[in-house]
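Each chain is listed here by its residues.
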Amino acid sequence: MIEFWLNDRPIRTDRASGTPLVDFVRQDQGLLGTKEGCREGDCGACAVLVGEKETLPSAQALLAYRAMPSCMLALGALQSCHLITIEGLVSGAPDGLSPVMRAFLEENASQCGFCSPGFVLALTAWLANPQVPHDMAGAMTAIDGNLCRCTGYGAIRRAAARLIDEFGSLPREGKERLAALVQAHVLPPSVLMFDEATKPPAASPLDCLRPPVIVGGGTDFYVRTPYPEQEFSPLLLHAKPAYRGLVLHEDKEGACLELGASLRVSDFFASDTLRRVLPDLPQYETAFASTLIRNLATLGGNIVNASPVGDISAILLALDASLEIVPVAQEEACPRILPLHAFFLGYKKVDLAPGEAVRRIFVPLPQAASHKARHSVRISFEKAAKRKTLDIAAVNSALACTLADGVLRHVHVSAGGVAATPLVLHRASALMEGKTVDTASAAGKKALADLARAVAAQAEAEISPISDVRGSKEYRRRITGRLVLAHFLRLFPEAGLDEELFP
Amino acid sequence: MNAFLQQHRDAASNVQGTTRYIDDLPEPKDCLHAALVLSTSAHGRISSIDDQAARTLDPSVRILRAADVPGVNQIGVSKADEPLLPENEWEYWGQPLLLVLASSRSLARKAAALVTVQGGPLPAVFDPREAAARKEFILPSRTIRKGEPEKAFARCAYVVTGRVDSAGQEHLYLETQGAYAELRDGGKVFIIASTQGPTVVQKAAAQALGLCMSMVEVEARRLGGGFGGKEDQAAYWGALAALGAFVTGKPVKLYLDRKTDMRATGKRHPYSSDFRIGADASGTLLAFEADYYQSSGVSCDLSPAILSRTLFHATGAYKVPQVRVSGYMCRTNLPSFTAFRGFGAPQGFFVIESAMDALAQVMGIDPVALRFRNLYREGDETHFGMPLVRCRAEEAFARLRDKTDLAAQRRTIAAFNSAHRRHKRGMAVIPVCFGISFTKLPMNLAGALVHVYQDGSVLVSTGAVEMGQQVARKIAIIAAAALGVNADIIKVERTSTLTVANTVPTAASTGADLNGMAAYTACGEIKARLVAKAAQLLGETMPDMGTGPIDSHDIDIRDGLIFARGKATSLTWKALIAAAQDARIDLSAHGFYATPGLFYDMQKERGTPFAYHVYGAALVTATVDTLRGDYTIDAVDIVHDIGRSIDTAVDIGQIEGALAQGLGWSLIEELKFGDEGRLVSDTLSTYKVPDASFMPQDISIELLPEGINPSTPFNSKAVGEPPLIYGIAGYFAVLDALRAACGAAGQRPQALYDLPLTPEKVSDYLAGARATPLSVQVRKELL
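Protein chains in written order, with this note's numbering: chain A, 1 to 503; chain B, 1 to 783.
Next comes chain A alone, as it looks inside the complex (with noise of 0.2 Å):
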């Protein structure tokens, strides 16, 4: 039995676990505002609000809204949660209309209208998020998961705008910021409702006995399975709140990063622990798929599903990263650690047993031998594709090191798109490993010059790319290359490599 919130009312389904969200909002419950475009969070037309309520360290409960596909979404994942459609936001306005959209109207942005619910509910969820900026830049990204054909998106554009001159300076806290969007009936009543009348849920144990799936977030899964049989009830991991946690463990030797297998994406990247220790690493947010798609994805699953252009599977490589894979029936079972790039067999195979599932990844934060920085992983991560937003990769790649005392270590280059599996260089990485980073001198420039030469020409040989509907072999042979140097011009701005590299 599913209960959950939708709308303005607890409800009930028997449903199976498994069946796609989509489904059961416009099939089982009439509502047919949620519309259903292209069934692989492509294109948006399909978001709905999701507010889920969650324990923080502190111990205080926090209740946070986010748009998600919900083509993607599994139906068990809204277990205890409050799931706005559009109609939610319709019914709690007075007028039948909430400002967003009002703003959508004063503006013409809805010329077909079926993208338009979607838009709607991706910038809610927007104004509804404390943790992310209410500037333009802000509200293009809350809706790089969305497509309109009509408008071209510039009275789309131009209703962020107004948003943004609206409710540009509502409170920073949740809960006030909650209240202060409902008092503007931007959110309905029914949020504040849901908050009085529920509690976090508590942690449950995997209590499944031989799933035949394990789900993350479904992000991959319902792409490659958009009409699951009806009775489909996998073990959704993004359900269990168990599996998400961020923990920095820390000595006087070094640090690790405990990284929950179904930690989502969003929440990874916003995490201030991640921020902290490291800080090269949130930029690269929006290069991975969208943030309907990054609300939802797990960063279990984007390493189980194997894909060779994987981003997440990318930095973690260079991250050298390992997992600790257990059998999810016993969970007290000792756990098999493994590093990651051992655990990518073939294409789309997996050094995973029936039964076991990745619970944890352990992500080393090598201190520099200096002890001067704490955490002094510097990492770069660069994607060719044709968008700069919701594309895949035709190759990716990311290279992490440590500079202490002008030492490179701890080097590690990977990259995706090139080979059946996403990949580290190993022997690009060893060129770099131990080599001598002096940015001051003229010489010094030079042989950095040559050493990202030296690594991108390895990089390039160390590869076997196919030609595919995203590039050629060619073309991805050259572009990796490039990728390794551009990663140089990132992680070492102040040698001024354009100089030497592009004369």
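Note that these hints are calculated values from the structure, not bench results. Careful, some of the hints might be misleading.
Below 30 Å or equal to it, Euclidean Cα-Cα: the simulated BS3-like pairs (lysine-lysine) are [claimed, not checked]: (1) B:Lys672 - B:Lys79; (2) B:Lys319 - A:Lys349; (3) A:Lys349 - B:Lys259; (4) B:Lys110 - B:Lys259; (5) B:Lys29 - B:Lys203; (6) B:Lys203 - B:Lys491; (7) B:Lys780 - A:Lys473; (8) A:Lys473 - B:Lys110; (9) A:Lys349 - B:Lys672; (10) A:Lys348 - B:Lys29; (11) A:Lys473 - A:Lys348; (12) B:Lys672 - B:Lys319.
One side of the interface only, derived from the structure: several residues of chain A facing chain B at Cβ under 8 Å [to be verified]: (13) Cys38; (14) Gln60; (15) Leu62; (16) Ile86; (17) Glu87; (18) Val90; (19) Asp95; (20) Phe104; (21) Leu147; (22) Cys150; (23) Gly152; (24) Tyr153; (25) Lys386; (26) Ile479.
This one's a predicted model, so the numbers in the text were calculated from it and none came from an experiment. All residues carry an ideal CB built from backbone N, CA and C; glycine is no exception.
Place chain B on chain A using the hints.
The following block gives chain B in isolation, referenced to the frame of chain A:
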């Protein structure tokens, strides 16, 4: 309803999620759902169909094949080459072979997956040039000729030849194709279709079912986008749903999932073309020749009308004294390519603009100057003999030049490029001259039915289908002005073959022009009756002031008030309507409009196929990251001729939307077919269209001052298609930046006219691959 909501009635239901598209229509209890069995190779002969497993899956499963089509198994409009369901052969990968019906969509889908169709492979061709070499044509080729370009080239100081390719484009209407059909009393077939042409669906369904058109009723409510994809090709899905309902006696809903839609339906035609362009020493064009190899796909569909528009727009916005342009409709084993916003014109514009770019390179002159020099001017005649009246090409270009200070822009870009090693900037200006009217002449008509109800409210029905272009809003404004009332008492009704018969599809940018004129005519008739009645009423009550009795000429209706000799009277619209009803005056009228003055001689290839032209010009600037091989579009400046805008917000929305589609087609939308003819970009994760971050923040649109345009309501101009051409400037802006990146090597004339200009191609070009040399002839003695 408050005034704000009243004003935004249609859009309000969109943002509230209450607009009902095909998949949102209520389903009666016995409704069957459709799924399709598609072919899995490009060409083959059906040898056996095994549907045993599918039939036994569930008692509700029905599988329909060609033999189940009771009427003529044919829906081709221009040519009988499109079977509804194929009898013996399939001709492209993704062609629907069987219609599967079941009580739920998931059952239908499951059943369809259980069917196997066996068949032997037949040879297939995918490249239009290869099809042409094999003489595989849909229809005979066409040539428009003016003068003797062959001889003129001998007098040119510069002659350049080159090859130009443009890929197809997926419509990506957010609502996929679909239809709902049911049988009504008396055996009538009722269809609600997501179609731009209800009459097209009506005709196709009637023919396939063996019924008279009077026994088939089709309505279109609101489409979740069309862009040409639902002009003719919606007939297919409407007719299939109707077939299902007719054979089973139960309602049928058919709504394509995205992948099926992308695989099975036609798109913008891919073209491969050759050009030859010649100019004198000063850069004045003397001659132009081109051969267009249109990949038409497996069937005729709208290919000839689309080719017409390519040929008509072959010289873009430029005057060329001697022209020969020939088009070939090459039959390829691909889905039948079809209408898409621009309708063959973008492909033609891309060829002439490539030729202009090549010529400017060869001459070593500023492409902006070359383009300006050769613009059409008032009174110039096109290569098919149409004089251009009220030509605004130069006005638009000059305004853009002054507004954006093109010379300063060029200097700024040069300064940027010398200051930056890794990023290079480029710019391009493209002028537009776009003919308005259906290129198929008999289609230039429209009808309207207007009812004024007893309470004074007004219902307007026309042939125009609302698909997001907000034609309903324009028609309401036109009808309100024609009647003299406020637009908020006008309701524009859905489009139905019941209210207006024999309509043409809402297409060719003409929806508001033609249907607006028909509505205007009908409203005018009603108004004339009302004015006569008002004159009578006021004549009885108003004293004769010595200027004679009041008659119809003294009466006007404006803003819902009745004026006599310029003065407001106490007679209200409502009272007048009530009095007219009491007097048994007809408060309904049918309006009809056929664009006057159009003629075309297909033998001589001469005539006036267009009511008028739309002019404009756009400047696009772009920055290339030479390391990563990608780019951003930085800014777009547009000066556009809209005549007198009926609704500026709507028109700006159309310009911005068309620009996005044009930039998408030019740069990132990569329609890719594999070696075996299978569409490999068949999902939204492999076919990327512009999103909000792709579009530049800096878009400035200026409308030219109002002008005269007698063949439309209130001197307005059509807006849907012409601005799509501006996207081509994005291509040339990126190319300009690429040349800057290549330094001296970039200044050597070479061709890279292969759209879309994806990051992959940019990277290839920067690596020295991709570009091909232009063939150039320079006659020194003429310099």
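Tested hints:
1. B:Lys672 - B:Lys79: At roughly 27 Å apart (the allowed maximum being 30 Å), B:Lys79 and B:Lys672 satisfy the hint.
2. B:Lys319 - A:Lys349: violated, 61 Å
3. A:Lys349 - B:Lys259: Given pair A:Lys349, B:Lys259 holds - Cα atoms ~26 Å apart, limit 30 Å.
4. B:Lys110 - B:Lys259: This hinted pair holds, its Cα atoms lying about 16 Å apart.
5. B:Lys29 - B:Lys203: It holds: about 28 Å lies between the C-alpha atoms, which stays within 30 Å.
6. B:Lys203 - B:Lys491: holds, 28 Å
7. B:Lys780 - A:Lys473: The hint is violated at about 45 Å.
8. A:Lys473 - B:Lys110: violated, 37 Å
9. A:Lys349 - B:Lys672: holds, 28 Å
10. A:Lys348 - B:Lys29: Not satisfied, since the Cα-Cα distance of roughly 43 Å exceeds 30 Å.
11. A:Lys473 - A:Lys348: holds, 19 Å
12. B:Lys672 - B:Lys319: violated, 35 Å
13. Cys38: Because about 5 Å separates A:Cys38 from the closest Cβ in chain B, which is inside the 8 Å limit, the hint holds.
14. Gln60: violated, 34 Å
15. Leu62: violated, 28 Å
16. Ile86: holds, 4 Å
17. Glu87: Cβ of A:Glu87 sits 6 Å from chain B, so the hint holds.
18. Val90: It holds, given that the least Cβ distance between A:Val90 and chain B is near 5 Å, below 8 Å.
19. Asp95: holds, 6 Å
20. Phe104: holds, 5 Å
21. Leu147: This interface hint holds because 6 Å falls under the 8 Å limit.
22. Cys150: holds, 5 Å
23. Gly152: Nearest chain B Cβ about 3 Å off; hint holds.
24. Tyr153: holds, 4 Å
25. Lys386: holds, 4 Å
26. Ile479: holds, 6 Å
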